Amino acid sequence: MTELTYKSATQLAQMIRDKKASSLEVVDAHIARIEAVNPKLNAVVQLRADSARASAVKADESLARGDEPGPLHGVPFTVKDSIAIEGVISTAGTAGRANHVSSADSTVVARMRAAGAIPLAATNVPELCLGAETDNLVYGRTNNPYDLTRTPGGSSGGEAALIASGGSPLGLGSDVGGSIRQPAHYCGIAGIKPTSGRVPSTGHWPPLDGLWGPMFKIGPMARFVEDLALTLPIIAGPDWRDPRAGPVPLRDPGEVELAGLRLGFFTDNGNAAADADTVVALNAAADALAGAGVEVRSAMPRGAARANDMFKAVLQADGGAGVRELLEEAGTSDPHPLIQLWLDRQGDSPLSAAEFAGLLAELDQWRGEMLTFFADHDAILCPVWATPAIEHGKLAEAGWPDISYTRQFNLTGWPGAVVRAGTSGGGLPIGVQIVAAPWREDIALALAGQVEYSLGGWQAPTL
Amino acid sequence: MSELFYASATRLAGMIRSGQVSSAEVVDAHLERIEAVNPIVNAVAQLLADSARKDATSADKTQADGGPLGPLHGVPVTVKDAIQIQGVISTGGTLGRKSYVATADSAVVTRLRGAGAIMLANTNVPELCLAGETASIAYGRTNNPYDTSRTPGGSSGGEAALIASGASPLGLGSDVGGSIRQPAHYCGIAGIKPTTGRVPSTGHWVPLVGLLGPMFSIGPMARFVEDLTLALPILCGPDGLDPSAAPVPLGQPCEVDLSSLRIASFTDNGAYPADADTVAAIGAAAEALKNTGVTVDEARPPGIERAPDMFKAVLRADGGAGVRALLAEAGTTKTHAYLDDVLALMGDSPLSGADFAALLADMDGFRAEMLSFMQDYDALLCPATVSAAVPHGEFIGPRWPGVASTFQFNLTGWPAAVVRAGQSGDLPIGVQIAARPWREDVALALAQQVQDGLGGWQAPSF
Chain U
36 MTELTYKSAT
46 QLAQMIRDKK
56 ASSLEVVDAH
66 IARIEAVNPK
76 LNAVVQLRAD
86 SARASAVKAD
96 ESLARGDEPG
106 PLHGVPFTVK
116 DSIAIEGVIS
126 TAGTAGRANH
136 VSSADSTVVA
146 RMRAAGAIPL
156 AATNVPELCL
166 GAETDNLVYG
176 RTNNPYDLTR
186 TPGGSSGGEA
196 ALIASGGSPL
206 GLGSDVGGSI
216 RQPAHYCGIA
226 GIKPTSGRVP
236 STGHWPPLDG
246 LWGPMFKIGP
256 MARFVEDLAL
266 TLPIIAGPDW
276 RDPRAGPVPL
286 RDPGEVELAG
296 LRLGFFTDNG
306 NAAADADTVV
316 ALNAAADALA
326 GAGVEVRSAM
336 PRGAARANDM
346 FKAVLQADGG
356 AGVRELLEEA
366 GTSDPHPLIQ
376 LWLDRQGDSP
386 LSAAEFAGLL
396 AELDQWRGEM
406 LTFFADHDAI
416 LCPVWATPAI
426 EHGKLAEAGW
436 PDISYTRQFN
446 LTGWPGAVVR
456 AGTSGGGLPI
466 GVQIVAAPWR
476 EDIALALAGQ
486 VEYSLGGWQA
496 PTL
Chain D
647 MSELFYASAT
657 RLAGMIRSGQ
667 VSSAEVVDAH
677 LERIEAVNPI
687 VNAVAQLLAD
697 SARKDATSAD
707 KTQADGGPLG
717 PLHGVPVTVK
727 DAIQIQGVIS
737 TGGTLGRKSY
747 VATADSAVVT
757 RLRGAGAIML
767 ANTNVPELCL
777 AGETASIAYG
787 RTNNPYDTSR
797 TPGGSSGGEA
807 ALIASGASPL
817 GLGSDVGGSI
827 RQPAHYCGIA
837 GIKPTTGRVP
847 STGHWVPLVG
857 LLGPMFSIGP
867 MARFVEDLTL
877 ALPILCGPDG
887 LDPSAAPVPL
897 GQPCEVDLSS
907 LRIASFTDNG
917 AYPADADTVA
927 AIGAAAEALK
937 NTGVTVDEAR
947 PPGIERAPDM
957 FKAVLRADGG
967 AGVRALLAEA
977 GTTKTHAYLD
987 DVLALMGDSP
997 LSGADFAALL
1007 ADMDGFRAEM
1017 LSFMQDYDAL
1027 LCPATVSAAV
1037 PHGEFIGPRW
1047 PGVASTFQFN
1057 LTGWPAAVVR
1067 AGQSGDLPIG
1077 VQIAARPWRE
1087 DVALALAQQV
1097 QDGLGGWQAP
1107 SF
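As given, the protein sequences belong to chains U and D, one line each in that order.
Heads up: the first sequence begins at 36 in the numbering used here, then just goes up one per residue.
Heads up: the second sequence begins at 647 in the numbering used here, then just goes up one per residue.
Don't take each hint at face value.
Incomplete in silico selection of chain U near chain D, CB under 7 Å [said to hold, decoys possible]:
| hint | residue |
| --- | --- |
| 1 | D244 |
| 2 | G245 |
| 3 | L246 |
| 4 | W275 |
| 5 | P278 |
| 6 | V283 |
| 7 | A352 |
| 8 | A356 |
| 9 | P385 |
| 10 | F391 |
| 11 | A396 |
| 12 | L406 |
| 13 | A410 |
| 14 | W474 |
Because the hints were derived from the structure by calculation, they are not lab data.
All values reported here derive from a predicted model rather than from experimental measurement.
Don't be surprised by glycine CBs; every beta carbon is placed ideally from N, CA and C.
Based on the sequences and whatever the hints tell you, model everything.
What follows is the structure in structure tokens.
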């Protein structure tokens, strides 16, 4: 069975086009895999078994008629439970929306469908997507496929756990502080947070706009880097709704010349030093890239050490008013403890307007300072998180600093990819983060692809 | 002589390149014209006569030596007194910076120089660029060349007055609420506020970042639309310092197929209807465009009537704290009366942090609603403000909400051009053409067509 469920989405699309497998066989194989693994993971929250099968039959008929297939023709995909699929319950993990049925596809789901892909399931998230663990009062807790006592991370934790286990070849996550990258790292898969403005957010609930808008992005997650490269052009580009989405040309990672790229490499951002196993994985990735002719230098952007304080200021700016408003909008009276943790961290001393305006200006100034790093560098290699997956419920103890490696690139808006590069002594996957200059997803993906090629990337769990 | 000082920058560059005229002659002609008109308009803040002559001589030598010639080789240009030129006093209109000498060129000045242009002068702005009229304590009041009892508008009022008078062929303004477009309209020239993120702001003082960042852009001003088309590609693209500048390809206006375009025209944004002369100018521009095959519908984006309230909310968000911080940074203790008026409008009831965050989200909602309208339209044709140039001192106050006509496209971040399309008595009236984000090519192609159909800029009487 894993003959189909451990394949890349790229391979599955090719097999379907070549009629070596039907879309229905592929969809059935994934439904069977979900039935096998989900009792352990609790990653799937809405399974569209019947409608996915119906779509697969249509996809097979269309191919038999000789219609021109899209790049993902007949391939199933999943999305986190904050990305709307028409007719499917979308809760974003909050009780008030337990029965909320989406009235329209989000832009990214509509685009995936147009490329021939078939929405198979929605996957679990922490409440309002505000947490680096995946647990909520609607669907419960999602487990890490490599150690069920640990979290798959969050907020795209359901996606990461399911994809790592072969229950989905390809998924869409979203990331305002690390929500694609940290779960990808915890579960040993690949993922990319595109540049701010690359992919429209239309149809994502909660709407991460306003202050959060410049930091938020939807992006693809998969076991294989080639699937990120296949998916990104499908979901990128303006949609006449999201005012932040800009038509910057997206380049092909296959055309990136690795030799001579200048890579800034660091393992300690001054907030939280990576642990020994993580440093080993990072060094392996650095060696792999150096082996491909990349010029690896020990360097960190000026200002990176300030990122943690900057993010904290953003988080505390409104004293939690926005989160409370979302809960009210959803009709949720009793939120999950992770939300309380979040609200605790937001504090109850919102900034004054003058301070708020000052913070926005300071952020711009800081972004400008960070950007100067790319005068001498093409990309950055650094930890995703200071450690591999933590045990369930330990996020409060992990505290602020561990999250600082991902969130600094939300503040800058730069593209950040994750790919597995090692394994901890305890058998947990360890991913590394590869960040490129704004709009250069091609470089991030080319480097991530090289790390995967050299070090093997994703490894099957023993579920 | 007017053959030189009323020529377009494009034509001057061609004449210099072909050897018909030297850069030194062109620069001298403009210096003479400045001497003639500046006593009337008071637009120049710092005149760079010596260095411009020196640069012109050097440009002529480069050409004689067969050196590489940029697209603006030897052409004099001016910038508003907020765009820093290395070694030149740059005040941003505030007294505390009366003697402040800029230590580096702004990104756009570097790029103009890289294209061969010669810095001729910087021009007057209101204090901190925060007014729709142009007067500063350091340099006094700038007058409208078509009626000196009236304002040239602001904040790029010095540029507009000087360019309209033939004392500069091409200039740079900046626009966070209408500061390129309203002066261009008041002085009957052309100008474009590019899409937010098109042109880097590095080296602009005041730094319009933070809340205002997504609304701000530097852009070119000239008598002729073709000069905007020439200048924009020189100015645009990331500079590695401004984090908001994005590498979006810039289309060519000459490749736009006008007959395939559908635009929406309106004269009333739902809050402030334009006066009769302005309505007539919009009507004439719409006719000129129809004649070239453009489809013109009478329509306006739903929700646009919220722009004046959004403007007020943005203006009042921090209760003037940001302005006071800039004044403190500049060391200004005595402010101009216009800025005092603006500070009064800003009030002293700043938002709470929660309301501030909600305002940001509300602005996103406005942007999304406006954008969805543009799925069906390539561009909008509408007033730049509700009337022709007003007497000095009358823009701020009761007419201040008229800023919404331009500010609505700062909120959206879309490109918006202005070109002269009519008059009110002796005063020029420009119309505003806003296009989809990143489609400056469409805005400029349409503006060019209005200019071709209706004549565009007309010389003032002096």
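How the hints compare with the structure:
{"no.": "1", "hint": "D244", "result": "holds (4 Å)"}
{"no.": "2", "hint": "G245", "result": "holds (3 Å)"}
{"no.": "3", "hint": "L246", "result": "holds (5 Å)"}
{"no.": "4", "hint": "W275", "result": "holds (4 Å)"}
{"no.": "5", "hint": "P278", "result": "holds (3 Å)"}
{"no.": "6", "hint": "V283", "result": "holds (5 Å)"}
{"no.": "7", "hint": "A352", "result": "holds (6 Å)"}
{"no.": "8", "hint": "A356", "result": "holds (3 Å)"}
{"no.": "9", "hint": "P385", "result": "holds (3 Å)"}
{"no.": "10", "hint": "F391", "result": "holds (4 Å)"}
{"no.": "11", "hint": "A396", "result": "holds (3 Å)"}
{"no.": "12", "hint": "L406", "result": "holds (5 Å)"}
{"no.": "13", "hint": "A410", "result": "holds (5 Å)"}
{"no.": "14", "hint": "W474", "result": "holds (6 Å)"}
In the structure shown, no violation is registered for any of the earlier numbered hints.
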